[in-house]
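Residue strings, one per chain:
Protein chains: 2
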Amino acid sequence: MAQALAGPEIERLIQLLGRLPGLGPRSARRAVLHLMRKREELLVPLADAMRVAAERIVTCDNCGNLDTQSPCTICRDSRRDPSILVVVESVGDLWALERAGALRANYHVLGATLSPFDGVGPDELSLPKLVERATGGAVKEVILALNATVEGQTTAHYITDLLTEVGVKVTRLAHGVPVGGELDYLDEGTLSAALLSRTTIG
Amino acid sequence: MAQALAGPEIERLIQLLGRLPGLGPRSARRAVLHLMRKREELLVPLADAMRVAAERIVTCDNCGNLDTQSPCTICRDSRRDPSILVVVESVGDLWALERAGALRANYHVLGATLSPFDGVGPDELSLPKLVERATGGAVKEVILALNATVEGQTTAHYITDLLTEVGVKVTRLAHGVPVGGELDYLDEGTLSAALLSRTTIG
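Protein chains in written order, with my numbering: chain A, -9 to 192; chain B, -9 to 192.
These are computed hints drawn from the structure, not numbers from a lab.
Check the hints yourself; a few may be wrong.
Intra- or inter-copy, both count: the list cannot distinguish identical chains.
As a list, the in silico DMTMM-like pairs of lysine to aspartate or glutamate whose alpha-carbon atoms are at most 20 Å apart [stated by the list, open to error]:
id: 1; residue 1: LYS28; residue 2: ASP51
id: 2; residue 1: LYS28; residue 2: GLU122
id: 3; residue 1: LYS28; residue 2: GLU79
id: 4; residue 1: LYS119; residue 2: ASP83
id: 5; residue 1: LYS159; residue 2: ASP71
id: 6; residue 1: LYS28; residue 2: ASP83
id: 7; residue 1: LYS28; residue 2: GLU114
id: 8; residue 1: LYS130; residue 2: GLU30
Please work from the sequences and hints to get the whole structure.
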């Protein structure tokens, strides 16, 4: 009712913004008021940036990353180690690993993880392309960087079976205490894993 | 670094979205990934809605509300009580009162509240227009619906002084226990106000 008084244009903007993750109806209204106050500095540039993104960003045919070109910047980057392929569920996970910056490798974005209860089977994942990339000869190791959830681990098992047939080495991320983490707040599974994978320091 | 790998277009979109209230860098990244997945259903419509809002939404010359026309829909609405003028700090407050729906009156948006420490003086507020509207003869009561903060109350005093000279009745919102509120969580000031303004019920 309130938004209708400000016209359908604002109502529509609130409704669309409220569909973004992390923004409910209340914060969407606050965001719209902020946008109306910062019309030239934020609203117009944001509308333009969205338009540009909608027109120019594509999914990389090779790895599934988002970029303005396919193959993407990462796939074209010759300074990366071509023998390591890091398998992630989503582009967000790829970004997170790139921010960590520990490894300059190539990626493969699955697009989903196996979830029988949600009806997500192997056909929903970018698996044929992964097998093709892993069997090319250049790749020596596939690192499964999947979430430590039931779905992530189910997917890891499935991919391990696929790739051991191919003869490529398959590894997964280490389990352990998060850096900066307090033991008292960690679950028993994490603590057990951290104990079993303990490192000699002296 | 991560975003740069996905191209400056995505980086710019993340940076702009992160300037919205309620969205930090992490949630802006998640929002962008969501937008890229929902390109036709959300990203394109949102870009269009922002463009339309930037082009068509104006501030009402009469009351300060946002609308596609000036005077705005509320100011044009002849079913509203023209004898009551509700003074608010912001359009967000106007929307909140309209959602409450308790009163079909007219509004006046100040645009700010007095805050000497932040350098906000009377000149920053839409006060001449308020006095003009209050002295037209039609307005019998001005309700100050301002935040119960130091700035809101300072502004309320200032406006009361201005308008009593004019001879119009000035009221303010009641203080008391919020509906659904628990006494144990309320501050002493609110509890004192609620006690002093108690209502006879039997």
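Results of checking the hints against the structure:
no., hint, verdict
1, LYS28 to ASP51, "between (38 Å within a copy, 18 Å between copies)"
2, LYS28 to GLU122, "neither (49 Å within a copy, 28 Å between copies)"
3, LYS28 to GLU79, "between (36 Å within a copy, 17 Å between copies)"
4, LYS119 to ASP83, "within (19 Å within a copy, 54 Å between copies)"
5, LYS159 to ASP71, "within (15 Å within a copy, 77 Å between copies)"
6, LYS28 to ASP83, "between (32 Å within a copy, 18 Å between copies)"
7, LYS28 to GLU114, "between (42 Å within a copy, 17 Å between copies)"
8, LYS130 to GLU30, "neither (51 Å within a copy, 39 Å between copies)"
The structure fails to meet hints 2, 8 from the earlier list, while all remaining hints are met.
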